[in-house]
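Peer 1: Residue numbers (the working numbering): 79 to 160.
It is possible that part of the hints are untrue.
[Claimed, not checked] The following label-pair restraints were derived from C-beta to C-beta distances:
| # | residue 1 | residue 2 | range |
| --- | --- | --- | --- |
| 1 | Q126 | G81 | 31 to 41 Å |
| 2 | G111 | A146 | 21 to 31 Å |
| 3 | T95 | S144 | 12 to 22 Å |
| 4 | A85 | G111 | 35 to 45 Å |
| 5 | N80 | D102 | 21 to 31 Å |
| 6 | A143 | G111 | 30 to 40 Å |
I should point out that these hints are in silico values taken from the structure, not numbers from a laboratory.
Ideal placement from N, C-alpha and C gives every residue a C-beta, glycine not left out.
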Amino acid sequence: MNGFEGASTETLNTIATNLRRGLDVVADRLAAGTFHQVGPKGAAPPSQSGQLTLALLAGVEAELASRAGRPATPKQADRKAA
Numbered sequence: 079m080n081g082f083e084g085a086s087t088e089t090l091n092t093i094a095t096n097l098r099r100g101l102d103v104v105a106d107r108l109a110a111g112t113f114h115q116v117g118p119k120g121a122a123p124p125s126q127s128g129q130l131t132l133a134l135l136a137g138v139e140a141e142l143a144s145r146a147g148r149p150a151t152p153k154q155a156d157r158k159a160a
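Please put together the full structure from these sequences, using the hints given.
Peer 2: Okay, here's the thing in structure tokens:
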């Protein structure tokens, strides 16, 4: 259970695309040397928001993988084999 079971596959794909774009922004901020700076109007710095983005993306990808009948990560494949 990952919290995304109720979402449609189309919605999950859209969320994943948007999260990946967010990670691109985080990477740009890292390259610019502003990785730890607070964003506009007190928004979390990329060092924090990037962690949340990765966690959400992992959940979305796990749900998409379960719908496709494949493990989301190699670790999940190892657990199923054990």
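Peer 1: Would you mind marking each hint as holding or not holding in the structure?
Peer 2: Hints versus structure:
Range check, Q126 to G81: about 20 Å between beta-carbon atoms, so the 31 to 41 Å window is missed. The hint said 21 to 31 Å for the Cβ distance between G111 and A146, and at roughly 39 Å that hint is violated. T95 and S144 have their C-beta atoms about 19 Å apart, which keeps the hinted 12 to 22 Å range intact. Separated by about 36 Å at the C-beta atoms, A85 and G111 satisfy the suggested range of 35 to 45 Å.
Here the CB-CB span from N80 to D102 is close to 23 Å, well matched to the stated 21 to 31 Å. Between A143 and G111, the C-beta spacing of about 35 Å keeps the proposed range 30 to 40 Å intact.
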